[in-house]
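Student: So you can see what is in the structure, the chains are spelled out below.
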Amino acid sequence: MTAKKLLIVVLVTAMLAVFGGAVSAQEELSLWYHGAGNEVERTILMGIIEDFNASQSDYVVSLEEFPQASYNESIVAAALAGELPDIIDVDGPVMPGWAWAEYMQPLALSESALGDFLPGAIGVWNDEVYSVGLWDAAVAVFARKSVLEANSIRIPTLEEPWSWEEFDAALVTLQGTGEYEYALDLGTAWTGEWYPYAFSPLLQSACGDMIDRETYLSAEGVLNGEDSVAFGDWWQSLFDRELAPGTSQDGADRDTGFIDGKYALSWNGNWAALPALEAYGEDMLFLPAPDFGCGSTIGAASWQFGVSADSENPEGANAFIEFAIQDEYLAEFSNGIGLIPATAAAAAMTENYAEGGPLAVFFALSSEQGFLRPPTPGYAVMALEFEKALADIANGADVQTALDAAVDAIDADIEANGGYGFGE
Amino acid sequence: MASLQNTTKPSGLNQDQHEALVGWLMAMPVIVLLLTFLIVPFFMAFGMSFTNQRLISGNPTEFVGLRNFQDLLTVQLLTLDPLVDETSGELLRDEAGNPTYPKLRDYTRDEETYPQYFRLQEWFSFQRNNSITYVLASDVVFMIALFNTFFFVVVIAPVQGGLALLLAMMLNQKLPGINVFRTIYFMPVVVSMVVVALLWRFIYDGSNGVLNTLLATLTFGGFKPVDWLANPQTAMPALMAMSVWQAVGFHMVIWLAGLQTIPTLLYEAANVEGADWWQKFRFVTWPGLRNTAVFVLIIITMQAFGLFTQVDIMTRGGPVDTTQSVVYQMVQRGYGKYDISGGSTISVVLFFIVLAISLLQRYLTREKN
Numbered sequence: 001m002t003a004k005k006l007l008i009v010v011l012v013t014a015m016l017a018v019f020g021g022a023v024s025a026q027e028e029l030s031l032w033y034h035g036a037g038n039e040v041e042r043t044i045l046m047g048i049i050e051d052f053n054a055s056q057s058d059y060v061v062s063l064e065e066f067p068q069a070s071y072n073e074s075i076v077a078a079a080l081a082g083e084l085p086d087i088i089d090v091d092g093p094v095m096p097g098w099a100w101a102e103y104m105q106p107l108a109l110s111e112s113a114l115g116d117f118l119p120g121a122i123g124v125w126n127d128e129v130y131s132v133g134l135w136d137a138a139v140a141v142f143a144r145k146s147v148l149e150a151n152s153i154r155i156p157t158l159e160e161p162w163s164w165e166e167f168d169a170a171l172v173t174l175q176g177t178g179e180y181e182y183a184l185d186l187g188t189a190w191t192g193e194w195y196p197y198a199f200s201p202l203l204q205s206a207c208g209d210m211i212d213r214e215t216y217l218s219a220e221g222v223l224n225g226e227d228s229v230a231f232g233d234w235w236q237s238l239f240d241r242e243l244a245p246g247t248s249q250d251g252a253d254r255d256t257g258f259i260d261g262k263y264a265l266s267w268n269g270n271w272a273a274l275p276a277l278e279a280y281g282e283d284m285l286f287l288p289a290p291d292f293g294c295g296s297t298i299g300a301a302s303w304q305f306g307v308s309a310d311s312e313n314p315e316g317a318n319a320f321i322e323f324a325i326q327d328e329y330l331a332e333f334s335n336g337i338g339l340i341p342a343t344a345a346a347a348a349m350t351e352n353y354a355e356g357g358p359l360a361v362f363f364a365l366s367s368e369q370g371f372l373r374p375p376t377p378g379y380a381v382m383a384l385e386f387e388k389a390l391a392d393i394a395n396g397a398d399v400q401t402a403l404d405a406a407v408d409a410i411d412a413d414i415e416a417n418g419g420y421g422f423g424e
Numbered sequence: 425m426a427s428l429q430n431t432t433k434p435s436g437l438n439q440d441q442h443e444a445l446v447g448w449l450m451a452m453p454v455i456v457l458l459l460t461f462l463i464v465p466f467f468m469a470f471g472m473s474f475t476n477q478r479l480i481s482g483n484p485t486e487f488v489g490l491r492n493f494q495d496l497l498t499v500q501l502l503t504l505d506p507l508v509d510e511t512s513g514e515l516l517r518d519e520a521g522n523p524t525y526p527k528l529r530d531y532t533r534d535e536e537t538y539p540q541y542f543r544l545q546e547w548f549s550f551q552r553n554n555s556i557t558y559v560l561a562s563d564v565v566f567m568i569a570l571f572n573t574f575f576f577v578v579v580i581a582p583v584q585g586g587l588a589l590l591l592a593m594m595l596n597q598k599l600p601g602i603n604v605f606r607t608i609y610f611m612p613v614v615v616s617m618v619v620v621a622l623l624w625r626f627i628y629d630g631s632n633g634v635l636n637t638l639l640a641t642l643t644f645g646g647f648k649p650v651d652w653l654a655n656p657q658t659a660m661p662a663l664m665a666m667s668v669w670q671a672v673g674f675h676m677v678i679w680l681a682g683l684q685t686i687p688t689l690l691y692e693a694a695n696v697e698g699a700d701w702w703q704k705f706r707f708v709t710w711p712g713l714r715n716t717a718v719f720v721l722i723i724i725t726m727q728a729f730g731l732f733t734q735v736d737i738m739t740r741g742g743p744v745d746t747t748q749s750v751v752y753q754m755v756q757r758g759y760g761k762y763d764i765s766g767g768s769t770i771s772v773v774l775f776f777i778v779l780a781i782s783l784l785q786r787y788l789t790r791e792k793n
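Order-wise, the sequence lines are chains A and B.
At position 397 of the first sequence (counting the first as 1) the number is 397 in my numbering, and the numbers step up by one without a gap.
At position 250 of the second sequence (counting the first as 1) the number is 674 in my numbering, and the numbers step up by one without a gap.
Same shape as in the complex, but just chain A (with noise of 0.2 Å):
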């Protein structure tokens, strides 16, 4: 090929991709991820989009991925230079955040759309929905039934689960064995979101809450109340008693500690739970989380779709999220990824989570006990200083001292913050 031919093929290209860009009428709309890197995510995702732009011609979706660590901070950096995606990809907590700094704007879906949805697959914030997820996740407590029957320890219901006395009293039993390094492995190894989506529930159970939920205005006589102080105090003899390992317990033993026999039981996500059935099969157990005294709670919200508030396609991007939720994609991302479907209709389409299948139960546990995290823009300070209270406790702070000073910190930075929107 002579370089005159080369010319004329490069010029021939980029006149198509020019004029070839002009001549459809489809609208272009961008859509950011937060999985890059996970290819069956990619891939389901990907052929719901090719579905789409197929069933119809006014609009096109392009997808553009982000690795998850760094996904945050490229959505506020797009915001602050005025360059956001139509729809974006919102992890459950951080959504009214985002609502309230006016990066999203409510989905306009119709009316039946979000009908049998999980509570936790819905992102309100006053009360509008901003968003909406395909999946949820759930945590439960990891058990083998052949060790709480050789211990004569009762295996608990979602409609009985154990009492906070019960718990106890079987972790000082399993401990007792002396089999176990440790009775419970908490996760401890894993800092960040996993504390506060993982034990804030149980603070929740135990009557206390990471800020008054009336107002969201104050955390005081709530995460420091007598209630929390209590959860505290049992927070910390955990540790002191030594029945689960501490802050600085290796991420390797918190993966597969439990299966290696390390621990007698674990709370975790369902996300863990098919290599534990294989380990286990019949012999596992995966058991609702107890009882506190007010209520047994887990914690619900995992990534949802929403619209972004810069959208020149609002229409566009809203009719991309309704046809994205229905349930044979739901399914679809079950089956890929392990993660609970949304709807009960998509569940009983999938291998795990169908009656019988072998998760179901994490299905009921989700629709049951699944409790937001404060659903205010205040939390990514509050989920920074509940974990911090709950390290420095379990590394033998004073309870009510690490508590107090979480207290302080939520509550500055509300007031600096003129209240989130709230008492207005």
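Quick caveat, the hints were computed from the structure, so don't treat them as lab data.
It is possible that part of the hints are untrue.
From chain B, some residues computed to sit far from chain A (all C-beta separations above 10 Å) [as the list claims (entries may be wrong)]:
#1 F548
#2 F575
#3 V744
Computed spacing ranges between beta-carbons, pair by pair [what the hints assert, rightly or not]:
#4 A:E166 <-> B:W669: 48 to 58 Å
#5 A:L158 <-> B:N632: 32 to 42 Å
#6 B:W669 <-> A:E193: 25 to 35 Å
#7 B:W669 <-> A:L158: 52 to 62 Å
#8 A:E102 <-> B:K527: 39 to 49 Å
#9 B:L497 <-> A:E27: 50 to 60 Å
#10 A:G251 <-> B:Y759: 19 to 29 Å
#11 A:E312 <-> B:L784: 53 to 63 Å
#12 B:A717 <-> A:E102: 48 to 58 Å
#13 B:K527 <-> A:G251: 32 to 42 Å
#14 B:D534 <-> A:G251: 38 to 48 Å
#15 B:N632 <-> A:G221: 43 to 53 Å
#16 B:D534 <-> A:E159: 43 to 53 Å
#17 B:N553 <-> A:Q400: 53 to 63 Å
For glycine and all other residues, C-beta sits at the position ideal for the given N, C-alpha and C.
Model the placement of chain B on the given structure of chain A, informed by the hints.
Tutor: Same frame as chain A, but now just chain B:
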């Protein structure tokens, strides 16, 4: 040809002006980089520390005066007298016979009665003549971080500098294969601090870490394993040891360069005079290293004040704040808590501290003529 000549000699500029212009042009890339990434951000941080700027916010940014500095730096003293039995006038004592005091919480969480103590927390306390004095701070975590950082600097500067000098003197000999040793000691400097910190986490691991295993082997099992990074007593020393190990090679090379500028003639003269090892070090080597010493000291101090990576990766400020550092708190606030103004305030405070210390160091190490 005529036009070519014109371009080599611009009209209206004499030789000096021309040279100055070329000089500025050549300096331009660096000046632009320094301006955009150092000087402008510094003034922005300075400006933001007087506002309530957030990373994510639905509220407009407002000027708040010195509030950020007040929230960060307020320190108050509160002295409490022991409780007295009202009828007998005697001190109320607890079971162990110690005097008892009113609860600190009653003072710090009561905005109406004691607005001056509201939301202050106990930093530390001391007892004198039966009464107890609390030092309260509005931001105890920052105060602890500041104290920890100073402690880190005070230990690191002499230990790292001294060890580096020792290594440099050992390696400043003409022995076969000495370059191999120089390379070995320099190696950790080349490895990223993030990687070093991750590796040392395995070394310090409480259950099956290399350090515990090694100590157990050396003492024939007599050593009881320590969870180095989770124990408040050992966490900071562990970080220090690892930091020294990582950076000592860099300063060793600087010392080495300094040592090689000292003329061998002086050592030969000292030998003729019959000077012993110490005298040679005291009167030849050390005076010859004067400028190097000033440089090494200032560099180590600056780097130590920037303590961040090790903390972020190995301990996240724990256990119970024993490894909090100023820069870690700066990042934690700015990006973790979306509080850009709070992070900026810390960076301004840190700037003045480091500035004051380097001015002091310059003054103390000045040439005394």
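Student: Could you run down the list of hints and mark each one as holding or not?
Tutor: Against the structure, the hints come out as follows:
Taking the minimum C-beta to C-beta distance to chain A, about 12 Å, the non-interface status of B:F548 holds against the 10 Å cut. The beta carbon of B:F575 sits about 19 Å from the closest Cβ of chain A, which is more than 10 Å, so the claim that it is off the interface holds. The claim that B:V744 lies off the interface is violated: its Cβ sits roughly 5 Å from the closest Cβ of chain A, which falls inside the 10 Å cut-off. Roughly 50 Å separates the CB atoms of A:E166 and B:W669, a value that falls within the hinted 48 to 58 Å.
Checked against the given bound of 32 to 42 Å, the beta carbons of A:L158 and B:N632, roughly 39 Å apart, stay inside it. The hinted window of 25 to 35 Å between B:W669 and A:E193 holds, with their beta carbons roughly 33 Å apart. Between B:W669 and A:L158 the Cβ separation comes to about 53 Å, which falls inside the hinted range of 52 to 62 Å. The hinted window of 39 to 49 Å between A:E102 and B:K527 holds, with their beta carbons roughly 44 Å apart.
Between B:L497 and A:E27 the C-beta distance comes to about 53 Å, which sits within the given range of 50 to 60 Å. At roughly 23 Å, the beta-carbon separation of A:G251 and B:Y759 lies within the given 19 to 29 Å, and the hint holds. Between A:E312 and B:L784 the C-beta distance comes to about 58 Å, which sits within the given range of 53 to 63 Å. Under the hint 48 to 58 Å, the C-beta atoms of B:A717 and A:E102, about 56 Å apart, fit the expected range.
Taking 32 to 42 Å as the suggested C-beta distance range, the pair B:K527 and A:G251 conforms, at roughly 40 Å. Distance hint for B:D534 and A:G251: a CB-CB separation of about 44 Å, consistent with the stated range 38 to 48 Å. At roughly 44 Å, the beta-carbon separation of B:N632 and A:G221 lies within the given 43 to 53 Å, and the hint holds. In this structure, B:D534 and A:E159 meet the distance hint of 43 to 53 Å, their C-beta atoms being roughly 45 Å apart.
One distance hint, 53 to 63 Å for the beta-carbon pair B:N553 and A:Q400, is violated here, with the actual separation near 27 Å.
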